[in-house]
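Protein sequences appear in the order of chains P and H.
Numbered per the numbering used here, the first sequence spans residues 1 to 642.
Numbered per the numbering used here, the second sequence spans residues 1001 to 1642.
Simulated from the structure, these hints should not be mistaken for laboratory data.
Any given hint might turn out to be false.
[As the list claims (entries may be wrong)] List of simulated lysine to any residue pairs, SDA-like, C-alpha gap at most 20 Å:
1. P/Lys323 to H/Lys1041
2. P/Lys305 to H/Pro1167
3. H/Lys1163 to P/Leu309
4. H/Lys1579 to P/Gly154
5. P/Lys305 to H/Ile1091
6. P/Lys325 to H/Lys1163
7. P/Lys323 to H/Met1327
8. H/Lys1163 to P/Val263
9. H/Lys1163 to P/Ser255
10. H/Lys1580 to P/Gly154
11. P/Lys163 to H/Gly1318
12. P/Lys153 to H/Ile1583
13. P/Lys13 to P/Ser280
14. P/Lys323 to H/Ile1583
15. H/Lys1153 to P/Thr587
16. P/Lys323 to H/Glu1129
17. P/Lys305 to H/Ile1583
18. P/Lys276 to P/Gln620
19. H/Lys1330 to P/Ser159
20. H/Lys1305 to P/Ser159
21. H/Lys1305 to P/Asp140
22. P/Lys403 to P/Thr208
[Unchecked claim] Derived Cβ-Cβ restraints for the label pairs, each shown as a range:
23. H/Lys1424 to P/Pro167: 43 to 49 Å
24. P/Ser248 to H/Glu1133: 25 to 31 Å
25. P/Asn244 to H/Asp1160: 24 to 30 Å
26. P/Asn244 to H/Ser1248: 28 to 34 Å
27. H/Asp1160 to P/Arg472: 58 to 64 Å
28. P/Ser172 to H/Lys1637: 55 to 61 Å
29. H/Thr1587 to P/Gln385: 45 to 51 Å
[Stated by the list, open to error] Derived list of chain P stretches under chain H, where covered just means 3 residues or more per stretch with a C-beta under 8 Å from a C-beta of chain H:
30. 125-132
31. 304-313
32. 626-637
None of the values given here were measured: they were computed from a predicted structure.
Positions of the beta carbon are idealized from the N, C-alpha and C atoms, including for glycine.
Spelled out from the first residue to the last, the chains are:
Protein chains: 2
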Amino acid sequence: MPENEIAFLPDGKRVKIHDSLTVLEAVKLAGVDLVSVCGGKGTCHKCKIKIDPATFSPPLTENEEKSLTPMEKDEGIRLACQIKVSKNHLIVQIPEYSRTGKQRLQIEGIKTALEPDLMVKKYYLELPEPSLEDPRSDVDRIIQELNKQYKTKGLTIFSDLLKNIAPLLRQSNWQITVTVWNDTQIIAIEPGNTAKRIFGLALDIGTTKLAIYLLDMIRGEVLAVDSAMNPQIPYGEDIISRINYVSSPDKAQNSPELQQILVKQINELIDSLCEKSAVSVEEIYEMTAVGNTAMHHIFLNLNPKYLALAPYVPVIRGGINLKPKQMGIKINPTGNLYCLPVIAGYNGSDNVAVLLATEMYKRSELCLALDIGTNTEVALGNKEQLLVCSCASGPAFEGASIKFGMRAASGAIEHIQIDPSTLKCSYITIDSLPPRGICGSAIVDVIAELLKAGIIDVSGRMDKSIKSLYFREGSDGYEFILAPANETANGMDIVITQKDIRQILLAKAAMHTGTKLLMDELGITEKDIDTVFIAGAFGNYIDVANARFIGMYPEIDLSKVTLVGNAAGTGARMTLLSKKVRILAETISQQTKYVELAIKKNFQSIYLNSTFIPYADLTQYPETSIFLKKVGRFPLKLPHIF
Amino acid sequence: MPENEIAFLPDGKRVKIHDSLTVLEAVKLAGVDLVSVCGGKGTCHKCKIKIDPATFSPPLTENEEKSLTPMEKDEGIRLACQIKVSKNHLIVQIPEYSRTGKQRLQIEGIKTALEPDLMVKKYYLELPEPSLEDPRSDVDRIIQELNKQYKTKGLTIFSDLLKNIAPLLRQSNWQITVTVWNDTQIIAIEPGNTAKRIFGLALDIGTTKLAIYLLDMIRGEVLAVDSAMNPQIPYGEDIISRINYVSSPDKAQNSPELQQILVKQINELIDSLCEKSAVSVEEIYEMTAVGNTAMHHIFLNLNPKYLALAPYVPVIRGGINLKPKQMGIKINPTGNLYCLPVIAGYNGSDNVAVLLATEMYKRSELCLALDIGTNTEVALGNKEQLLVCSCASGPAFEGASIKFGMRAASGAIEHIQIDPSTLKCSYITIDSLPPRGICGSAIVDVIAELLKAGIIDVSGRMDKSIKSLYFREGSDGYEFILAPANETANGMDIVITQKDIRQILLAKAAMHTGTKLLMDELGITEKDIDTVFIAGAFGNYIDVANARFIGMYPEIDLSKVTLVGNAAGTGARMTLLSKKVRILAETISQQTKYVELAIKKNFQSIYLNSTFIPYADLTQYPETSIFLKKVGRFPLKLPHIF
């Protein structure tokens, strides 16, 4: 049987296979990252790949005919499981959206039109050789030729480069590529012409998760994305415990431990991204980083102690440029690391990035943005003014602090439905694998479905009188079975407990309170809001109707709600690609008004009211009230409104 | 007998003595640095000290009456050897000019009127404490208050400071002093008010010697000066051998050894200066450094290899600002080290400093400057244009490569005279101690006196026919005894050998050639030169008439010749005190024309002619010719003119 070679882009991995195999089987042999939920049955339509129709174009299968759009067909998009490889030297491209990453990550977020305006530029130079008539210094020669050929001005050179310039120029036969940062400083000199290779990283440091993107900065494209749990979690799931660990009073100095393990994890992610994309770490000249203010401080080795004490003062608000070497970050050591500005002690640079990505700062319509994470940041406003606040929602929606919570990885239950008559729960898992736990989007569904099925009431209390196979008293109190042991990956019942429900309601109450108080501050009601952006790791996967039903946000028309995924990551990528966006970030950080919720006199009452589903005062939820009545769950006794 | 305490300023050293002793004796007991050539006889008038007349004012002695100027008398200047200490708690000030340093060093050089215009400024701030109404970040608070109180603008903060700001502000009760560099960057934050303490260092890295000055930058005064031999000497006395050592082909990388021992020596000098002046290294925020291009490259760890190969290209010409930490220099680690720009491969930043100190760049009259060292740099021109060249004169005039040569330290013969009838040599030594060797100024005299006495002819050849106690054949050929063994410190005859004479003539020939060729380049003769500056470590001590007589420089009217001492050090100090001078340094470095002597077609002939005393073509030395005729040393046979 003839052997055919397939090369996979952009990884560059190659494999030789017999022509009886499908591209999907080749993918598995080559160890290439490609989504396939149904495992090759042709039913999930996820394993989309791209093959240049000019090189190889077998007829479309029935499955492909019905699942691909005409545009996809024109572009050469195919389903990997449907194509047999009957051609030698086939080149297969795996589009970014067909990759799984290590876990499901929202990498696209909002598509924002961005004029490339790089901080880092490269110039190829062929220098005249020195002579007794032209004995200019090496540096003068380079800078003067750059000025002459490329109209640069006022360039200086980063002093670390001076050491090796002399031999480098002579060994490269006076043909070099010069990397210039911010049109002011030469930060790298390489032999030969490398002008087309400029790579950058955008990093989002969440309390619970890290997400990192490798970009081809010239093409403005994401080459690869990776993520990991924040390795600081063992030192405390929440921000306060980590701050206390870093600045505990029995240590004279900041404890550098949390910074070091974080940097180590980031370096591992960088290595893996580089390997995947055939990029050398030396070719990464720029990195941008966002995170909440505590993560920002710990990452930068700043003392975070006063973030946790009123009046919650950060060490620095403005953006910071650092040499990667200084931080131990393994990209080009003479490159640059830009940490975006923060807004306040509890509104970090991740929030600035969300504002950049949603472009709220330049919109006329009134926008609300929720960036859901361990801390949920709420922003409200438009180009006239922007208010932000921060809510300690806890990590419930990230799958932490919930008995069977997990992150959105293979085998996570991502959506559920409960049959009100049988109380049987049906579910969908990521990659259609046996369930291992429940992730954020299903956690939203669970509350909605439990209420609709009458298992809980609007206060979240379970109805102990229910008799059902799926409802029982367990070791942690009452619990409801979402997936029975015989269906699960670990042979255990996957349940939701009364305690879990309490956690979830406290989390959603926190964000609801933040939104309500910002609306008060601006003197508006939900009717005045034109657009809602929901950001966060699970962004694109939650059911916005269920989210509104449980009261994660006020009753705003669902057509106004947009899921924007990891908008913080999007903002970090925009900042990586554009100097103008960087200036914008500084302006946003300066001009956005931080609202301190804890000192609002109605904070406590709104918070307690928000722990109800969707809210204690149902007059503010007319549509939801009608629905509750329809499904027979409108409370007989209205909750006490505080 | 009552005991009196004397405190010496600026060192702060104290000693208790009986009132029968003089201040000079107290000085010796206290180990304080004070010049005393006659050892207390009252004849040298060097041991000048200052005592506030309001505190203690015994009548002037006869010696003081005749040796002090009326102004000195008014100021309280006294001779330490003349005053007995009959007062408790006496405060005695040692003016800078009365200190010896470790060796005699020209620290004053030219006095140049300089408006203080510091790179480093300090601002004292009392900050408002943060509150929930004013939760600005620590950095915003500092920068905004600086802007408000001191009208600063666009300040950034050096990232290394961020780590400790938070606890520092709170421990100092929000009262701090902020140090700003170049009106752009905050480089230090200190608790309390330290605004009056800003210190700086100026360093002159010679091939043979280092000189370093500690300045009170606010008062613009030198507090202390120190010097040491360049510790690289064991790796080669001349520049070429050091360059070869650093960049020898069997090493892949620069050898860092020479840089490291240099920095170690500099740090020792800094420690000693700080101790003498009660200044902490943390209070030194700025340092300037000058040196020839090879010293500059080795100090900065730049590859010096191509300095030694035609076309003698330096790595960098412009000035460089570095963090001291980067260099291992132990001043405030967040301070700044500025290495002045160089001109070319063989005209370094020491030369730029000489041009700054002599102000040749702004004079209308035509000036010639010789900076005599292991390499002698010659500059010629005025505000219209400046030419420079470099001559490999070797270290003869620094006392090296001469059998009994030594540097200008205690016991060095600094001037000699030979009685033409007896051929007995009389001499003066530094500090009137028994002679240990001869230093630069005496080396100039030796050639002149040997010729006048007829021991050598104009070609420098010793007359072997001489019969004298002081002339003989030794192990190194013919030699003349300057000081007999029974008078010397080490019990050996101090002699000058035929070989020494050859070395000295080659050295003076090199500088003479440089001057002649620059004059050719400019199309002028010695008559057109209005001013001659002679700089270098021995600057103020040489006999300019003898120097001209032996042909160190062309026959220019002696009234036009000024000794300017260590002008390179002066230029480094000026650059330390003034931003404007720093900009000037860059302009001078760019606009000064370097003349490559080796490619001049008449280089060889002028050089050979210059090895004669004063020069082969005596028509260019009419005054000297008359003198030679008068003392009977006009050559019977004129030397062959090449």
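Comparing the hints with the structure gives:
no., hint, result
1, P/Lys323 to H/Lys1041, "violated, 63 Å"
2, P/Lys305 to H/Pro1167, "holds, 9 Å"
3, H/Lys1163 to P/Leu309, "holds, 18 Å"
4, H/Lys1579 to P/Gly154, "holds, 18 Å"
5, P/Lys305 to H/Ile1091, "violated, 50 Å"
6, P/Lys325 to H/Lys1163, "holds, 16 Å"
7, P/Lys323 to H/Met1327, "holds, 17 Å"
8, H/Lys1163 to P/Val263, "holds, 17 Å"
9, H/Lys1163 to P/Ser255, "holds, 11 Å"
10, H/Lys1580 to P/Gly154, "holds, 18 Å"
11, P/Lys163 to H/Gly1318, "holds, 15 Å"
12, P/Lys153 to H/Ile1583, "holds, 17 Å"
13, P/Lys13 to P/Ser280, "holds, 16 Å"
14, P/Lys323 to H/Ile1583, "violated, 27 Å"
15, H/Lys1153 to P/Thr587, "holds, 17 Å"
16, P/Lys323 to H/Glu1129, "violated, 32 Å"
17, P/Lys305 to H/Ile1583, "violated, 43 Å"
18, P/Lys276 to P/Gln620, "violated, 51 Å"
19, H/Lys1330 to P/Ser159, "holds, 19 Å"
20, H/Lys1305 to P/Ser159, "holds, 18 Å"
21, H/Lys1305 to P/Asp140, "holds, 17 Å"
22, P/Lys403 to P/Thr208, "holds, 16 Å"
23, H/Lys1424 to P/Pro167: 43 to 49 Å, "violated, 59 Å"
24, P/Ser248 to H/Glu1133: 25 to 31 Å, "holds, 29 Å"
25, P/Asn244 to H/Asp1160: 24 to 30 Å, "holds, 25 Å"
26, P/Asn244 to H/Ser1248: 28 to 34 Å, "violated, 56 Å"
27, H/Asp1160 to P/Arg472: 58 to 64 Å, "holds, 60 Å"
28, P/Ser172 to H/Lys1637: 55 to 61 Å, "holds, 59 Å"
29, H/Thr1587 to P/Gln385: 45 to 51 Å, "holds, 49 Å"
30, 125-132, "holds (count 3)"
31, 304-313, "holds (count 6)"
32, 626-637, "violated (count 0)"
The structure fails hints 1, 5, 14, 16, 17, 18, 23, 26 and 32 (numbered hints given earlier, in ascending order).
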